[in-house]
Structure formats: C-alpha cells, structure tokens
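Asks: Given only the sequences and the hints, what does the whole structure look like? Please build it.
Residue numbers (the numbering used here), protein chains in the order written: chain A, 1 to 750; chain B, 751 to 951.
A few of these clues could be false.
What the simulated footprint calls covered on chain B by chain A, stretch by stretch (three residues with Cβ under 8 angstroms from a Cβ of chain A suffice, anywhere in the stretch; the number is not a length) [to be verified]:
#1 816-823
#2 828-841
#3 873-880
#4 896-910
#5 918-927
#6 930-940
Derived by calculation from the structure, the hints in this document are not laboratory data. Beta carbons are placed, not taken as given, at the ideal position from N, Cα and C, and that holds for glycine.
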Amino acid sequence: MAVEYSWPSKEKSNAIGKRVKRLDGMEKSTGKAKYTYDVNLKNQLIAKALGSPHASCTIKSIDIAAAQKVPGVVEVMSLKKDGDKIEFQGDLIIVVAAESEGAAREGVAACKVEYDQQPVFVKDSDLAAAKAFSFPPAKPGDKPIPATSAGGGKVQLEKEPGKDENADDFAVKEIERLLKESTHVVEAEYGIDAITHCCLEPHGSTVEWNGNKLTAYLSTQNVSGCDEGFANDLKIAASDVEVICNYIGGGFGGKFAPDYWSTAAARISQKTGRPVKFLLDRDQELKIAGARPSGYIKVRLGADSDGKITVWDSEHWVTAGATGGAVNQTVIPYVFAPKNYRRTAINIKTNNGLSRAWRAPNHPQACAITQTAIDDLAMKMGADSLEIFMKNLGTDDKPLVAGAKPSVYKAEMERAAQLMDWKSKWHPHGKGQAKGSIVDGLGMAIHTWGGGAGQSSCTIKIHPSGEVEATCGTQDLGTGTRTVIALVLAETFGLPYESVRVNIGSSKMPVSGASGGSTTVGGISESHRRAAQDAFAKIAELVGKKLDVAPEKLEAVNGRVQSTDDAKKSVSWKEACSLLDMSPLEVKGEYARGTKSSLSSSQVGGVQMAHVEVDKETGVIKMKKFVAVQDIGLIISPQQAESQINGALIMGIAYSLFEQRISDPNTGAFVNADLANYKLCRIGDIGEFVVEFYEPESERKRGVIGLGEPPVIAPGAAISNAVANALGVRVSPLPLTPQRVLAALKKAKA
Amino acid sequence: MAQRILAPDPQSGFSRRDFLRGSGAAAAAAGIAQQTQSALAQEKGKQVASGQQTVKLNVNGKDHEVKVEPRTTLLEALRYQLDLTGAKPVCTDGSSGAATVLVDGKPMQANTMLAMQAVGKKITTVESLANDAVPKAFVECDAQQCGFCTPGFVMGVRAFLNMKPKATEEEIRKGLNGNIWRCGTYANVIQAALKVVKGGA
Chain A
1 MAVEYSWPSK
11 EKSNAIGKRV
21 KRLDGMEKST
31 GKAKYTYDVN
41 LKNQLIAKAL
51 GSPHASCTIK
61 SIDIAAAQKV
71 PGVVEVMSLK
81 KDGDKIEFQG
91 DLIIVVAAES
101 EGAAREGVAA
111 CKVEYDQQPV
121 FVKDSDLAAA
131 KAFSFPPAKP
141 GDKPIPATSA
151 GGGKVQLEKE
161 PGKDENADDF
171 AVKEIERLLK
181 ESTHVVEAEY
191 GIDAITHCCL
201 EPHGSTVEWN
211 GNKLTAYLST
221 QNVSGCDEGF
231 ANDLKIAASD
241 VEVICNYIGG
251 GFGGKFAPDY
261 WSTAAARISQ
271 KTGRPVKFLL
281 DRDQELKIAG
291 ARPSGYIKVR
301 LGADSDGKIT
311 VWDSEHWVTA
321 GATGGAVNQT
331 VIPYVFAPKN
341 YRRTAINIKT
351 NNGLSRAWRA
361 PNHPQACAIT
371 QTAIDDLAMK
381 MGADSLEIFM
391 KNLGTDDKPL
401 VAGAKPSVYK
411 AEMERAAQLM
421 DWKSKWHPHG
431 KGQAKGSIVD
441 GLGMAIHTWG
451 GGAGQSSCTI
461 KIHPSGEVEA
471 TCGTQDLGTG
481 TRTVIALVLA
491 ETFGLPYESV
501 RVNIGSSKMP
511 VSGASGGSTT
521 VGGISESHRR
531 AAQDAFAKIA
541 ELVGKKLDVA
551 PEKLEAVNGR
561 VQSTDDAKKS
571 VSWKEACSLL
581 DMSPLEVKGE
591 YARGTKSSLS
601 SSQVGGVQMA
611 HVEVDKETGV
621 IKMKKFVAVQ
631 DIGLIISPQQ
641 AESQINGALI
651 MGIAYSLFEQ
661 RISDPNTGAF
671 VNADLANYKL
681 CRIGDIGEFV
691 VEFYEPESER
701 KRGVIGLGEP
711 PVIAPGAAIS
721 NAVANALGVR
731 VSPLPLTPQR
741 VLAALKKAKA
Chain B
751 MAQRILAPDP
761 QSGFSRRDFL
771 RGSGAAAAAA
781 GIAQQTQSAL
791 AQEKGKQVAS
801 GQQTVKLNVN
811 GKDHEVKVEP
821 RTTLLEALRY
831 QLDLTGAKPV
841 CTDGSSGAAT
851 VLVDGKPMQA
861 NTMLAMQAVG
871 KKITTVESLA
881 NDAVPKAFVE
891 CDAQQCGFCT
901 PGFVMGVRAF
911 LNMKPKATEE
921 EIRKGLNGNI
931 WRCGTYANVI
941 QAALKVVKGG
951 A
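Replies: Pasting the structure below:
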C-alpha cells in the first residue's frame, strides 16, 4: 500500500499540538541527566590547559619540565611549538592531564612559556582606526596585512543608466538624487558589539579507548557528524569512533565539531591508556569557543512624505575575529527591501577569538543595525513606528519585504499590537509623560528565517508486546527533541506519548543532521512521521485481515486500531502488535534536506514588541513587557516551542542591555571573561512576556518549520527602538548599558 | 597520613589564611571571598591540613568517606568521588548559581567551598529532591531547556521557598537573581516557583 505522508487536521490530532510535559524533564530537574561534563569513567584523568595570556604574539619557547614533576600530573602535551603565532587571547598552548583538577591546575601553573609580543588590534567599532591598521607580514619580506578588506556589496536601482553612462557613476548620482528628493532623510550610525556563545556547559569531552576504538562523550550539537572529525584528526577509521551525547549544556551554534582540544584529549588518552575528561574553563569558553560577530553601520535612508522608504544607502563593518569575515551584506537592510538601495560591507580582522555560527547567523546584527534606522524615520516624522513599519511591507503581489508574506507580517503586527496594547500606550518619540526621572517607550521589529527540515534518518521498532521504540542519531539542544519524536509517534500509533521509548545521542544510531539553523524539529518530524506511517501501514494489513476491513480504512486512536467506518470493529494496539508474531517490526524513516514534502516547509515571519522604562538619571533600562508573535507553520509541541521563544527573548534582552565582549584596546585581553562581569540576563531583568503563535490553517498546512533561530533576531532592534521612543534619542551601539544611555543623553543636550 | 585535619592547633603559627595561601589553589582563594563568615568562625581555632586525607561527608542523609586534599572543593568531591553530578561546574566564583547545594539547610555554592569545610555539616544535593514539589513544578511549567543549569536553579528555588514559603511573584523575581540561565526559561521558573507556593505541584 503506497503511503501518503501527511499530518492530521488540528481537530483530529490527539498528540501533536498538545501541551505536554518534557519527556526528559524529571531527569533534567533532579540531576539524573548525565551531560558530557558529568560522565565519570573509571580511572579517568582530568585535563586542564594553559591558554595564551597575550592576544597577539609568537611563541619563543615552551618548557614543560616543571609541570611534569608536579605530583599527580600524568601527561603534559604541547599543542603549539616554538615560532607558532597566536592571534587571540586564550588560544590553548599546553594541556596537562592529572589525577585531579587541583593537580592539573598546578601543572598548568608550572608551565613556562616565553612569548614575543606583536602589535594588537581589537577596535572593531572604529572604522577609521581599522583602515589605518596593518598586521605585520606573515614572513619577513611579505607585505603587511591590512586589518580591513572588502566584504562585497550590491546596488539595486529602479532606473537604468543611460546607454553611454558608466554604471558606477550613475549609481552614485542616482542615490544622491533620490536622497535629495526624499521628504525625510535619516543619516546615522548604529552598532552591536560582539558577544560570545557562553555555553554553560563548556566545550569539551570525556574520552576513552577500547583497543583501537574510541568512545567520545562529546558536548556537541552534531552527534552524527563528529565521528569523522575525530577520525580525520587522529588518522583512524570513522567507524572506529562512537560519539555520544545524551544531554548537551547549550550550543547555540558553537558546538558542531570536536575541536582541537577534544582530539588532544583523545591523544592523551591513547598515550596514557586512561580515560580523559577535558572541558574548557569558563574564561576559555568565553575567549576561544565561539563568538557572534559585531556589526556597525553608517546609514542614509530617504523616504517620501508618507513614510515610504525610497532609497537606502549603507556601509557596514564588522569583525569575526582573527579570521576577518562579516555580517553578510545580503541581509542589509533587514527584511525590508526598498526599491533603491546600495549596500557595502567591510570585513575587519582583529585579535579576538574566532566567531562561530550564533543562533541565526547575520540576522540579529542586521536587524539591530537597520530596523533602528527605520524607527528613526518614524522619530523624525513624529509618526507611530507601527504605522511606518506597516507602510513599508508592500503587498503579497508586490512585497517590499523578504521572507514571509506581507499579509503574514501585517496580521502578526496587528495581533502583537493588541497584546501589547500598543495604541493606548503609544506616544511619539521622546514625548511620553515622565514619572520623575523615568520615561517609558515602545519599540518593535520584524524578522524572518528559513528553518527548513534538516536531513534525518531513524529506525522505529515495534515489538510484538506493543512497545514502540525510536532510534535516531540526533541530539537535544533544549528543543525538546525526545518529546517531539514521542509526540509524532504517539500521534501516528494512537498511543500516550510517554509510552514511546526514544533513543538519541549516538553516532552509531541512524544519521541525523546537526542541530543548526532551526532544522532539527523539521527533520526528525519528517523521518519519524514517515517511518511511523509506513509501520502503521504494515500493522494495518495484519489487522485488516483479522477484522476483514480494508487496511486503508483503519486508524489508530486511543490505544486501539479501528475501522474508520465502524469504531466497534477494532483491536487493542497490543493485540494488533501481537499479530507480528515472534519478531519485532523494524522500519526505517528517511528525509533528505530540500525534498519537497507535505510534512514540512520553510520561511517564517515574526513580530516582536518591547515596552521599556528608562531612568534618565541613572541610565538604567528596565523591561516592562515583551510581546512575540511567531509563525512556525504546524506546531508539534507548543509547550516546548513556547519555551524556545521565552529563551530567545531572554537571550535577546541579554545582548540588548547587558552582554558584550570587552577587549582591552591596548593588549587585546578579553577583560570580562567570567560570569560575574560578562553580564547575562537574570530572572529579575525580564519583565512580563506574552508569547503567541500565529497558526491559522493557511500557515499550519505548510507543515513543520524550525523555531530555534527566528525569535532571537528581533529583540535588539525592538528594545533599541523602545528606548529611542522613551528618550527621543537613539542610543547605540548595543548593549544599551547605563553609561551609553547617559552618554547619548548628554550628546543630545550639547 | 597524619589525620590533623580540623584539629585545632593553638601552638601552630599557621592561620587558616596561611593554609589557604599555602595550598595555592584558585578555588581556595575564591572560597575566601565567598565564605567570609565561615572563615571568620574558623579563624578562632587555627588548624593545619596538608596532603590527601580521608574525611567523612554527610550527603543527603548518609555518611560517605571521600579522599580530599585541602584544595579540593566540595563540588569536586561530590562530582568526582560520589558521582553526584547534579551540581554543575559553570563558574569559579559562585556567580552562576549552578553549583547550589544546601549546607545545613543554607544555599551554598559547592565550587566556592572546600570539601574540608563541609565536614560535620549536612549537605543536601539536588539528587535528594526526586520526590520534591520543586522539580515537579519545573517539569509542569517547562522551566528548562537544555537543562544544564536546572539543578542549580531547582536548589535555589527550594532554598528560597524554605525561607519564604509564601513568596510573592515580586519576591521571587528579586530573590532568585543568583542563578544564571543561558537558554533562558526564567519566565517559567517564576511560574514553577509560584506553583509550589500555591501547593499546585
């Protein structure tokens, strides 16, 4: 029987779309869940490492003799050699493995390394300084390496150049003409500082060898893909590696590969014949294990008398650290696509830790540095920001936005405005009623993301006893992966979701994609629904024979397999499975990324609105209320999806108000690489949250779409816009620290 | 090895501060900052400890023998020797709250306390709360995502509600700022704590 893969309607769904408790909730809440850091292997060594104290230097000499003599130290391994260049602070130089953490740390302290310091550049926000700086040549005689490099760009104009006209000259003239003819022009700079991933479980692993086979308990968001990473580095067969990650303490885009420190752990383990646990220290996690690039921009925006944007002209510059790299120019200006624009990107190389994918790469920065300019247009006009955003959406036939349809954004904006009580709270920028030194303000922003299903394969095993078991080489970043799989199977087999046994977290399980780019829930829903529908078709054949009902006329509901025409013609799920006789039924499910499917699709839109209070005397900003309305197609597990949005809003508040990587301009040192000074959001900082999904049938029928990235994109612009609305003054860059608020107010007064 | 630990030695010229400095461990230094009170209390009876010792720790109502050095933190002893890994090593200075345990009923950061300081005290870890209302409420309200910091937060809420069983939402928002959450489910933690206050979990 050919199976047509589909989801049941909202009314007919018994499991998907229901609010349920996280399947592994109690394990996580009572300390039973074993994360990589928690895996203790018999006779294990603990490894700690020496990181470079300097941001830019060459290693002159390494002396590990004293470290080797420290009682309890078993192995000291240099990762660098004399003459090696270090380009950011914290880069690991020596790993010490010992009987205890204390001994390992003492060993690290006993290492002696001499450095030849080089010039440092970390002033990524200062374009003029970046343009004036060059790094010393790689080899004597080579040319110095400029800190800045071209990052691409694009010009799009409604008018075409004349026949004999040079296209570049025409573009310059045309942009100037359009700006000159605009009724309103915003000319300003915006920015957002670099942040780090700051996973609470640091990067690392606990590894052990059994003969020539390596077992690596790795903190990773890419279980199925990391065996190869170890194998390539260690020159062994990938099939001799098993990567296990039952629980991961945060990834956010930073944990896709084993990293050189985990392969170092494997080498030490091989050499000593003992298991090795090596997780980075907190400061190392912040310095070397991933950062989100900064983003700064110079904008000129022109609009007609109605507030419709007629022209956009921008140059932005960012750093991804020592590799250079940029916020991709293709997402500038963010979501909005005016008819005329010119955008240019500049990459800056600095002596900072390397960037890694951070939730929705490019998008949060692009949103924060461009939708602020659109809000400044509203400020300039004395207009309602909501109206200006609305006016620039275009129509579904002629959209002026990318990503979701204008009609989706419009509906979401209207709903968000209702939930925020926008109309009654709104006042023009800087014109609110002050309570003493406190003023309040509203701001909004919109976002988009793809979120198409990732590659995923799985095995479903149905035992003659009726037990259902799913096995998939995926992972749970916090999404609720186990819960989603259980709900999909429970829906298909008409069973309680808690009864489904879910196995995930090993590279020896069927290959499933990395959790990145909001691809996991889509991918695992695809593979498991497919396998489950195929499995049910087989069971239906057996039951059909027994009940004398055509198999396609059978459905699984409430623990029974029954005729769709006559519910009395039924058998219990257990009885149905007993027809399998002696051996279990095993069915594979597979989904290849990009395959067109009725189960999943991509491209979502979301709207966020923030209400803040700002104290003009202290510069302190307080969140009053945050509203998020989000389209994600069909929602499998609403409770966990809602948590994902809550979490994204909190990360958003963190990078909008508190969080920044602070580099000493002279030494390049990451001066706040600890949790006391690398400020994150605390429970008292969040205000009230209202989260709502936009799930009319028109969106639900699109199928499953990922949610990890979208809601973390808009908070920066929404909060910055709310602060601008409160003060009548733009504060930039993010995070909007009290000193930046006060400085902006002082500048506006002068 | 000589069992001199925690034996007051009035003749010794070493103060507790000297002993900590001598151990040279960063964790011990952090311990000083966090444990001022207990340090002051212990200053009265000077003591010396060195090398590895076997001591008894009372954890979750049971005595356990563990081998510790003066520099061994309570967190290391719990995690590496007793395999009680609910308390997590997230920071080194207590600023994350992820290593929260109860020591004689009071919330302490196990990573800023030396194992030897915990001798003779009653230590409670998250593993003992399997039937407690707080973790149940966390699950009911989905107050977790990746879950790495959740045990510390569960202990924080337990300790806070022990002190303030009738805490209001306002008090919960103010009183639980000692724990950091990176995935961010604070909104649901507030709901979970309120649920426990109302006896709902």
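Asks: Would you mind marking each hint as holding or not holding in the structure?
Replies: A quick look at each hint next to the structure:
1. 816-823: holds (count 3)
2. 828-841: holds (count 11)
3. 873-880: Answer holds; 5 residues pass the 8 angstroms Cβ test.
4. 896-910: holds (count 7)
5. 918-927: The restraint on the stretch 918-927 of chain B holds, since 5 of its residues have a Cβ under 8 angstroms from chain A and three suffice.
6. 930-940: holds (count 11)
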